[in-house]
Structure formats: structure tokens, C-alpha cells
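Trainee: So the protein sequences, as listed, match chains A and B.
The first sequence begins at -7 in my numbering and counts up by one.
The second sequence begins at 1156 in my numbering and counts up by one.
No wet-lab data here; the hints were simulated from the structure.
Errors might be hidden in some of the hints.
Partial chain A-side listing against chain B, Cβ under 10 Å, derived [stated by the list, open to error]:
| # | residue |
| --- | --- |
| 1 | T57 |
| 2 | D141 |
| 3 | D150 |
| 4 | S153 |
| 5 | A155 |
| 6 | E158 |
| 7 | S161 |
| 8 | A179 |
| 9 | R184 |
| 10 | L190 |
| 11 | F229 |
Note that the structure is a prediction, hence the values are computed from the model and not measured.
Glycine included, each C-beta is placed from N, C-alpha and C at the ideal position.
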Amino acid sequence: MNVEASGFVSPTVDAALVGAQSYASAILNILEDSADETARLVDTQRAVLNILDDFAGERQRVEATQSALLNILDDANDEKLQLADTQRAVLNILDDFDAERTNAELANIELRREISERQRAETALQRAKAATEAANRELEAFSYSVAHDLRAPLRSIDGFSQALLEDFSDGLGDEAKTYLRHVRNSAQHMARLITDLLSLSRVSRAELGRTPVNLTTVTRGIIERLRRNDPHRTVEFVAPPEVPALADGALLAILLENLVGNAWKFTSKHSTARIELGWGEEGGQPVYFVRDDGAGFDMAYQAKLFSVFQRLHSVGDFDGTGIGLATCSRVIQRHGGRIWAEGAVEQGATFFFTLEDG
Amino acid sequence: MAGKIILLVEDNLHDEALTMRALRKHGIANEVIVARDGAEALDILFATGSHEGRPLAEMPEVVLLDLNLPKIGGFEVLKRLRADDRTRLLPIVILTSSGEERDLTEGYASGANSFVSKPVEFAEFSQAIQRLGMYWLLVNKAAPLPTAT
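Generate the whole structure from the sequences, applying the supplied hints.
Mentor: Have a look at this one:
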């Protein structure tokens, strides 16, 4: 472009104008180009912005993803915490289990100890049982020997005393005869002692077999035999038709033999007597009794009644061995029952007994 | 009852004397042979040992047998007598101090014809001996002796 031409309007102005015109168009072109360029730039810028926009979206997504990831991590963390809790719980359980196992092992040891203790006890029991059986056999041998060997000399003592009294009566004074009678009485008393002791030991050894027994029938038989042996006595026997019991028949017969025999004996100083058999119930359990109206006894000595060789009356008053009631007590003991007595001097005695456990 | 023999197997001299006295007292005058133990009783009955040559036809009418005997006990004597044809049916009475149930059972199981407990009281004892003598010598009929071989 020619700058000088712009101050002149001359013939040459046209030329200058033309020049200016081309100049201007050039500028315009340039401008146009520049505008294009701008537009392109704007486009580019827009594109960049778009890209940036997109990128921001992307970033948001990334951020979202990141937060999601963080959430996940958080969750994972929670999960981990929970897992740790669970693990702790499991460990606790394992701990507990361990304790449990230790307890079980201790219990096992205790159990084994108990078992071996029980085995020891059983062995001891077996040994005691064997010892008891041996003692029983020994007792049996002893009783047998008592029965056989102690009776023979007594028979001699009694027999030869009697032979002296019978065969040499003329040569013996009254005092000598009295002494010989004392010898005979003592021999006979000792024979009864032996019989009663044997009965006592038999009661202890006998097997116990319970069957239904009517005490009235048994007692009636005993009373009838006593009446035959002592026909001058007047003794009334009172009993209901049936006094039922579930007991060992043989042992019960020994019991009643002693109780009724005592009642018979201790009423012998009275002109008439009454012996009563009966029963009642106490706490749902049958309680039996044998009652007499004879010599009775002082309740102060009640405790001595059932001991062996304990007597409340002198042999001079009432004959006896002091074994009868001990035998009764043993019979009752074998049945798991109780026996006791009530009485007063010269007002009779009542013997009560039960035949069942409890 | 003359000629009928009683065999008393008894080791106790006093019991023997009392038994003899009771028999005599009650007028039983039969011959009484006494064996002091079980072995002697078997020798007498089977004519062996110190009794060899005794005529076997002279069997006692009854044997009164104690249980508690020296050498061979009463039960064993009883079993041996029952196992032999010559004495299988011989009347045998156990006469003992024992009244134990098991002795009674074993006595009868071994073949005793009777079982008597010797009472301690002399009057009872004397009466028991009298009854035994009367019953076995007068009342009872023994089995015929087996014919000698």
C-alpha cells in the first residue's frame, strides 16, 4: 500500500483510490480471513470447552467412581471391622470351646476317678460280701457245733443226776436230792439257752421270703398248743378273724411264738387272763399288736427289753432266757419294720410291731 | 422180740450209758452191739476188719446211728450201707443232738428210715429211747434179709 496517495485528490487520485480500494479489500480479506480464523478459533475454543466439558463429566464420573470406590473401601473397611468382630467372636467361641474342652477333660478325669473309686468300692464290697459269707459259714459251723457238742454234756449232767435220783433215792438225803434237782434245773435252763440262741442265729441267717400270712391263724395255733401244755389255765384269746400281713411265714411264727409265749407266761400268776391280737393303721402302714393283762413292766426299763440276755423279771418269778425278745427284734429288723412296747407294772404289756420298710 | 439185736453207733460213752439205761428201764433187754465210730459200724455190718468172720445172717433189727462220728461220719456210713445190697433195706434211725434242717434233709436224702433229735432233758430222752425200741423191735416189720450168696 501507498500511504502518500491518501492526501491527494488529483488525477492521480483515481489511481490512488484504486490503490486504496485494493488495499482496503486486502485488509477486508485479511479481516475476513481473520474473522474466519476467529470463528475457527471460537470453534476450537468451543471444542476445547466441549472437551473440557466432557472432561469435567469424565472427572465427575471419575470422582463418582472414586467416591463409589471410597464407599466400597469404606464398606470393605466396615466389612473388615465386622470380620474382625466375627473373628473375635469366633476366637471367643474357640476360647469358650477350649474352656469347655478343658472342663470336659476335667470332668472326664473326675469321671474316671469316680469310676475307679466305684470299682474300688465294688471290690471292697465284694470283699466285704465274701467276708460276710465266710463269717456266716463260720457262724453256721459254730451254731452247729453249739447245737451238737454243747448239748451232749448237758444231757449227761441231766441224765446222770436223774439216774442218781431214781436209782439211789434211798441212800440220798433230802438236801442231796435238792442239790441234784438244782443241777438238773441248771442243765435244762442251759439247754433252753442253747435252743434260743440257735433260733436267734437262725433268724439272722434265714432267707427272707414274703407271702401273705394271717396272724390270727398262726396265733390261734400257738394258743392252742399252750392250752394243751397248761390245761389248768383260763386264758381268753381275742382276735379278729383275719389279721393280714405280707411277711416271712417261718420268721413270723418265731416272732408270735415268743410274743404270745411271753403273754402266756407273764399272765400265769393271775387266775384268769386275756391275750389279744390286733392291728390298726398308722401313716398308711399296718401296725400289729399283742396285748396281755399280766405282770407288765416298768416303762423305765423299756430300752432293755429287746437286748440279748436282758431280763426284767427274776428267773424265780418267771422263767426265761432273755433271748426271746431279742429274737423278735431280729425278726422285725429282717423285715425292715419296728417293734416297741408299752406297759405298766401289774397292768399288762402291749407289744407293737410293723413289718414294712419305713 | 428176743434174739433181735440193736446196733448202736455212738462215740459218746455217756450217751451210750444213758441209752442203755433207758432201754433197760423200759424193759428192753435185747442185745445191743455198740460201735464207737463209723468205720467200726461198717466192719460189724459187713463182717470185715476186726469183725471178720461174724455171721452176716445176724443183721441187727435196727441201727441207731449218730451223725457226728470219728473216722467215718454218720452220713457216709448211711450212704455206704444204702449202696450195698446186703444192707440196702436195713432199718436205720438217725439219733443225733442236731435238729438242724439241713441234717434232716440230708439224712432222709441219704436213705434214713427215721430221724430223732436227742432231747437234752433226760425224761424226754428216756421216753424217746423207749419209743424207738418199742417201735423198731415190736411194731415195725423189717424187710426180709437178702439170701446169702
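Trainee: Compare the structure with the hints numbered earlier in the document and write down the numbers of the violated ones, lowest to highest.
Mentor: 1, 7 and 11
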